[in-house]
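*Asks:* Protein sequences appear in the order of chains A and B. This note's numbering puts the first residue of the first sequence at 1, with every later residue one more than the last. This note's numbering puts the first residue of the second sequence at 1, with every later residue one more than the last.
In case anyone wonders, no lab produced these hints; they're calculated from the structure. Source: prediction; values computed, not measured. It is possible that part of the hints are untrue.
[Said to hold, decoys possible] From the structure, some residues in chain A lie toward chain B, with a derived Cβ separation under 8 Å:
hint	residue
1	Val29
2	Asp70
3	Thr103
Even glycine gets a Cβ: it sits at the ideal position worked out from N, Cα and C.
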Amino acid sequence: MAKITFIQNDGTERVVEAEPGMTVMEAAVKNSVAGIAAECGGACACATCHVYVDEAWREATGTPEQMEEDMLDFAFDIREESRLSCQIKVTDALDGLVVRIPTKQF
Amino acid sequence: MSEELIKTDAVIVGAGPVGLFAVFELGLVDIKAHLIDILDRPGGQCTELYPEKPIYDVPALAVVTGQELTDKLMEQIKPFGAEFHFNQRVDTLERLDGGFRLTTDLGKRFECKIVIVAAGGGSFTPKRPPLPGIEAYEDKSVFYSVRKMENFRGRDVLIVGGGDSALDWTLNLQPVAKSLTLVHRRAEFRAAPASVQKMLALVESGDVNFKLGQVTELHGDNGQLRSVTVKGADGETFEQKTEIMMPFFGLTMKLGPVADWGIQLNENLIPVDTAKFETSEPRIFAIGDINTYPGKLKLILSGFHEAALMAQAAHKYVYPDKKLIFQYTTSSSSLQKKLGVK
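Using the sequences and the accompanying hints, generate a full structural model.
*Replies:* Dropping the structure here:
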């Protein structure tokens with residue numbers, strides 16, 4: 001199990017437990033974390049599960065592949081630490097991961 | 001505005017997998033249907049969101065992509081000759097004696113005896129960037145689509161995005177606009193390579209002004225845009241003058257005008273009974289992801305089941321004097337005749 005912390009725009013934090021193999025988006029949706037809309041259900045087709053990966057975790061989570069980078073064009077307020085949470089696979093190495101949720105997905 | 005009036009038995013709102021299969025089930029009980037969809041092709045979310053993604057829970061198909069499923073459904077419903085009306089949204093529903101009149105945003109009108117709402121997650125609508133105060137500019141100086149090119153003639157136009165819509169409109173509006181600025185967060189574009197080439201040539205010749213960055217603020221008065229603040233790739237912000245902005249951030253699903261048809265709603269879903277899948281309004285049915293009932297699962301297969309039961313219940317409205325006898329396609333010669341296999 002990996003613990004993932006979701007930080008809302010107003011600073012409130014939620015820690016959820018995620019099983020390796022699921023995606024960070026799935027961990028959020030399963031635990032009703034606000035602000036992760038995930039309209040397309042994880043097909044990398046809607047850009048409504050946008051998160052900012054905490055600086056300390058950027059290397060561990062890696063960089064977006066081409067498809068994800070393209071889909072990020074449809075998200076708002078993109079930063080270097082932007083990822084689509086449906087494209088981050090949970091592993092034991094991500095235990096303690098911290099991600100921030102944008103003000104609005106759209 | 002089209003003055004056309006189409007008279008038919010049933011109008012299906014939404015041409016996703018469940019709307020398509022409804023054509024089949026209605027067809028078996030001799031109910032003719034027209035389908036209306038905001039998208040430009042059948043398949044709904046299956047073809048819009050995940051055409052290439054595998055689906056594993058459609059009975060008897062171990063794996064099928066969204067596009068394949070749509071193609072197979074189109075093949076299956078072919079015998080029933082349903083007519084499709086794409087790129088439009090049903091805006092209004094009026095009650096008539098024994099039916100309804102529906103009008104789309106393109107002005108097409110339908111008179112029908114029953115309505116089947118198979119609108120899935122709702123109508124696909126352009127995403128509104130969460131820029132403070134953007135609502136006040138919409139339809140005045142912020143547009144998500146082009147209805148008339150002439151409205152853009154001689155104006156300063158700013159387009160935001162790097163996909164096909166952004167580039168298509170950059171190419172189409174550049175000749176009529178006074179100036180055209182394209183703002184995109186990166187120097188790569190996910191649009192068709194030919195469009196990218198054309199756009200780059202226009203940037204090269206100085207006919208299109210390309211700015212790397214993201215729009216963060218809007219400035220203007222009374223809905224009239226004067227300029228936007230852009231955060232450049234280097235993190236520095238600058239102001240870009242413009243009269244019109246067109247943001248292209250893809251589509252999202254919104255319930256839309258269905259909410260105004262007098263149907264009882266529950267958190268943007270339509271409650272139905274599980275025997276007929278009829279809404280609070282007689283003759284209006286709701287099937288697929290848009291409906292809700294105890295135990296509801298948003299699965300394509302559930303929508304197919306709902307379509308079958310809906311068609312049995314709808315029969316009495318279209319043929320009040322006829323008794324419906326349940327038959328199997330495997331053995332019924334009359335059903336096989338309808339399917340064109342006998």
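*Asks:* Does each hint fit the structure? Answer for all of them.
*Replies:* Structure-based check of all given hints:
| no. | hint | result |
| --- | --- | --- |
| 1 | Val29 | 13 Å, violated |
| 2 | Asp70 | 4 Å, holds |
| 3 | Thr103 | 7 Å, holds |
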